[in-house]
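Colleague: Please take these sequences and the hints and turn them into a complete structure.
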Amino acid sequence: MKEYSLLGPAAVRTLVVPIGRWERESFLKKVQLFQERFEARLVDITPLEDATFNPQGFPQGRLMFWFHTSMLNEEQMLFLHDFEPYRKTFVVVGLVNTLDQDPLTSLEALQKRYPDSISHNLVYFGVSVPESKNVYCATSSNVETTVCDIGRNFLEALSLYYSSYKHVTLRSPGAVGGTSVTKTSLMRQPATAPASTVSRVASMDTSSNSGLKRSGSIKSLGLNATSADQQRAKARQCKILGNFQLLAGRYVDSLNNFADAAFTLHKYHDYIWLGSALEGLIISMVLLSQLRVSFQVPAIVSLICQIKDFEQLPHATRSHRNSLSSAPVQSPRNSVSSMSSKIHTVDVQNITLPPLVKALSEKILHYYEVSLLHNTEYAPQVVYCEHVLRILNYMSSHYYPRTPSKRTAQLNGSQSPRNSISLWTQDNSADCFTKWEICQFSNKLFELQLKEMDLVSQIKIYTSLACIYRDIEFHKKQSFVLRILLVSLLPQLESETIFDFWKETQDETLSSLLDAYGIDRQPEALIEDAANCSWVTIQKNILLLCIAMASKIYDKRRICDYSLILLQRYSHVLTQSEQNSLLQNNILPAIDSDSTIGYWDPFLLRNLQIMHLENRREVPQVKLIGVEESRETKQRHSQVFNPFKQSVINSVTDQKRALETAKKFLLGETAELVLTFQNPFKFNLEISHLSFDFEDNKFVQFLKNSTITELPFKVRANSMRSLHLPVKFLKETNGETHLLQRLNVGVFGLKPTSLDIVLAENFKNSGDQTTSRAKFGCFEFQVIAEQPEIEFMSSTLNENTCMILDGTKKSFEIVLRNQSLCRPANYLQFTHITNVEMNLKNDYWKNIPPDDLYDAEYQLKWMQKNCIKIRNVPDVIPPNTSVELSLDLDVTRASFQFSKFEIVLEYGYKPEGTACSIFTKTLRIPFDVTLKRSLEVPSLEVVPLIEHIQGEDGALISTDRIVGKAASGLSEETGSALLLLDIRNSWYDGAKLRVHFEDYSTEEEILASTNTKRFVIPIKRYSFNHNWDHKEIPKLVSGRQFVNSGMAQDEVTIMRRKFWCREAILKSLKCDWKLQDASQTAGSLDFRQFLDKFDTRTVDILYTQRDSPFNVEISTQKSELHMGESLRIYAKIGYNQKHPCSETKPVKLEFLIYNRRTGKLLPKSNTSILYNGQLSKRVTPKYDSEITLDLVPIDNGEYEVGCCLDSVFNDVPVYFRVI
Amino acid sequence: MPCYFAIIGARDNPIYEAEFTSQQLNSFPPELKELNPFILHASLDIIEDLQWQVNPQSINSGSGSGGFLRSRNSSNNGNCYLGKIDHFYGLAITGYLSYGNMKFVMIHSSNANGSTLAQVEDWSVRSFYQEVHELFVKTLMNPFYKLNDPITSPVFDSKVRALARRYLLK
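Chains as they are written, first to last, in UniProt numbering: chain A, 1 to 1219; chain B, 1 to 170.
Hints may be right or wrong, so weigh each one.
What the hints assert, rightly or not - Straight line, CA to CA, 20 Å or less: simulated SDA-like cross-link-like pairs of lysine to any residue:
id, chain 1, residue 1, chain 2, residue 2
1, A, K444, B, G90
2, A, K540, B, E31
3, A, K728, A, R742
4, B, K33, A, T537
5, A, K451, B, R165
6, A, K444, B, S110
As the list claims (entries may be wrong) - Some chain A residues close to chain B (C-beta under 10 Å, calculated; not the full set):
id, residue
7, T434
8, Q449
9, K477
10, V536
Since the hints were derived computationally from the structure, they do not count as laboratory data.
Ideal Cβ placement from N, Cα and C applies to all residues, glycine included.
Modeller: Written out as structure tokens, the structure reads:
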């Protein structure tokens, strides 16, 4: 039975005590047996002589026992025993399981122990004793019989007990208890007797005119007062009898008695007793309707509820209420009151009980409130509260559930006690209360100053209220009430009884509280929880409360648990002092007793890395050998641009971006472990322990004592800090990668926990399926065995630098040593790289024309192949030995930018057999070079040569060689030209030099320092047969794809012509020199660097190719004449055989006369030369094959006459001198 | 009279909390300040009960004590405003429910520090709620605001406080 069930006043309080040797468990089981059979039907009980409580008087009735095992707070409620006699523990039942004592002795002892109870019984379990009065043997099956017997005993005792009450003047609790009684203290103004009631009652009651002044009027009106007192006393007696009859199960009688009492008490304004009588009335009615006994609603009910019922209830009760108002049945109970003729009594079938109960209850509360104005006749707070709770229980036991499922859950749920009034749940919804109504009714409790009551009552009230809220599924309200309870309990937990009480129930209470406020969420582990925010203020508050409660009962384990939750999940709302005290007072002290507590922040370890020490030796890289890489894939469609080819080509010059996935460490190497810890808390963190996992520990270990010296490591509040520790590698990973994913970390001396490396927190995004709370990191590494170690010892060059003259060669030696004591370096790859190559961009070739590119790449190729050469490359360098290497440095064709180079040695140990990959290291030996200019070529010119110069003695030049060659028929006649070459000596010493062109050599010349000399070399012009127009400029690097340069066809042709002309000259032209110094340094001159691209005119001279379909040959008879002499110039037009089409259209021919000294074109009219006719003529080549121009020079000088045919110049002009 | 106002999201999490006090009026005593969220949280049960009623108006009008809810001014679009839904000692609690299941709840305290029950002026409180609702809808339109996340905008805060000054702290 619930603590404040509506039917509580109808239940006989029965204390069950153990006698003999009981185990708690089995005793409680037996008690439960009784609790399940708490009802005894009166029809089953042997009749009594006493008429008042004779069970036969109302055989449908029941005796209800309320079996309990403790008498908490019994004494404090003693003052209420006259007012509400059901509070007394009437029956004591001793459960016996041994035969140690005689039954009668035991019974006497029981009576002595509980003298206040009126009926004492012994029930033997498991042993048999002769049954006598008050002594029974019970088995599980006949408990009902025993309960009936106990009931009969009780009824007998009750009639005795009641007889003692018959002549007692009943005083109100306020009068009995005096000042110790807690008066009901309302927050609002208590109600006063409503005017309407007063006026209406006044018409019935002549003794007083208002409820307020009743006591005064009693004194003033002596006679009436006495009779009023007598009437009141009688009514009170009547009410008490009703209470006893309720206990005895005679509900019809109790209904009548309560009704009678209420009527009189109402008349005499004895409000507190009136309230109590009405409560009894409600209970009687409820019980009777539960038993389906028809009865008539007493007249007093219609009297009291008349106003409210008929004015306010019609909505809720609908048609039922109407039946009450218009009930045609006249009450036969005229004897009760003279008013009965006016007031209708109603049969119970015509009304719905629950709304009536509520209406009556509100009336009762009103009377209680009115009573508060009196000094002694007031309602104690306990009475008021308990009434509210009883009605609430009644309401909640059949509220109107919204959904059927909830309704059935309510019916079948284990939490609803067996004795809940199941009959009513079949009522239709109109009879039921809504949650809202229940909640509103419950709020009446919050108008009272509950904290002024004694603690046990408070606990009972709050827990009952919480249960009611639980039943109507108001879990937030339930938690709220529990929280109020805990807060009010907190300062008073020192009291021992409460202490024990609390200790028993705390588990359930606190955990249900944590659930209700959502503290069971796990944001540290579940991404869902982390994404959703919750009401942290409330949650923090509740946890602090829980901690306080736990600390009151010295439950260290629980204090620690709650503190951990608080720290772990709510650190962001805790102040520094709160966090500190949680840690210092709650968690750290618990460590000693409980070693299972781990650190609470799973994201402590934010990073882990192992770094190479600065002084470490180079770690070898894996290199594939033996497998030929076929990088040059066959390109089937070279015309198709393939954008993906880019990266392959770039990689030729791309600096190798070593994509290191796993770091490599040498066996036995010492490296630095860097750990980053986070401390989100407002206290300093102390890392007390660090260790690797078992698997990791095989490969890597902390260096001895390093953890001892570094730990404990402090991480300041709200910060991240890195810890550096030396580690050592112990075991080879055999080419595989080892993953370091977690580390064991202990904090504050707590049990070390294995922590993942957390790089970043994951956040919940819509549509994102990540369930992991964080992004975890790992550290990959490899441990490899010892490798050869080659060092550069020395070189014959001073400090690896040298100065060298351009165009010369030099040799030097270097010494290398394998420092390893056990491993030979048997894989050696020497290469070199110069600064010229290093400074090139990846796409240097992209935007330069092909002829320039050829030049540049020609030089690069030469630098790669010929610049540095190692003469004696060793196959192997044995351990601990040195080798000497001889190198040649050749700068004959080196670029002027050449200033440094590196010799790169890639080496490693290649084990026996067919390993396809080895570890290699790279040794780089840098050298600096200063290149000094020696001989240079400032300019080159080509002039056409018309006349033949005989190779006579003393002649500076001769064309014999060329002419001779032509004559021999080896090549066709192309004419000749002179190559004018200036050579300058930029060095400090003089130089002997000789210039060669094909098979021609000049005499050996001596060129003094900083002097320039011009060399004239007669050469042959190149014939058209070379077909340079269609010969592509070669590409030295294949596989590149050029985007179309946008050059027109003729531009390309011109470029090709220029290129091939220059190539032809460069091929033939050579120059050797020797310095006139002590060392006789010799070298050669690389013309390629000095010669610019040829201009169009040079090409025109060198290459007898015409684009025009015609060519014009100009000639004169004389090349020297006197002023005034006339000169005829012939221009002979011929067809160009090589040109594809020859047309016969008329063309314009124009003579151009230059002053040869100045190189300027003479104007058409001038003072130097007179001419006959016009300079420009229109000719048809077919017919006018020869044109003449007569001119007379009138000024001396040298002149040149050229010709222009359709704006195409002729090849060879004529010169004449005027003297 | 000081008020404590909160917007509660779908998972019973506060989206916005504010306490409206003014200099000439008393503010909440410290112990009540701590209790306010709890009182408010407890009232959510009632709102949740009310919001599922088929015909919310009918449930209160009949019974004697709960008749104030929506019995007044229920003719015009007032079904968001739930009126006074709960009380705890001297504090009255009013509620407002948006169609998106956002619960606007406010605790009204009386001037005389809890000795008398706080009076709620339905008209001004309703206006306050309606305007805050409007502000909230505007906040929802912010593409950077996610439903059920706390509102941290100072503009929203200042606007709500201005509304409170206009309607509540008179």
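Colleague: It remains to establish, for every hint, whether it holds in the given structure.
Modeller: Quick rundown of the hints versus the structure:
{"no.": "1", "hint": "K444/A x G90/B", "result": "holds, 12 Å"}
{"no.": "2", "hint": "K540/A x E31/B", "result": "holds, 15 Å"}
{"no.": "3", "hint": "K728/A x R742/A", "result": "holds, 17 Å"}
{"no.": "4", "hint": "K33/B x T537/A", "result": "holds, 11 Å"}
{"no.": "5", "hint": "K451/A x R165/B", "result": "violated, 35 Å"}
{"no.": "6", "hint": "K444/A x S110/B", "result": "holds, 18 Å"}
{"no.": "7", "hint": "T434", "result": "holds, 5 Å"}
{"no.": "8", "hint": "Q449", "result": "holds, 9 Å"}
{"no.": "9", "hint": "K477", "result": "holds, 5 Å"}
{"no.": "10", "hint": "V536", "result": "holds, 9 Å"}
The structure is inconsistent with hint 5 alone, although it conforms to all the rest.
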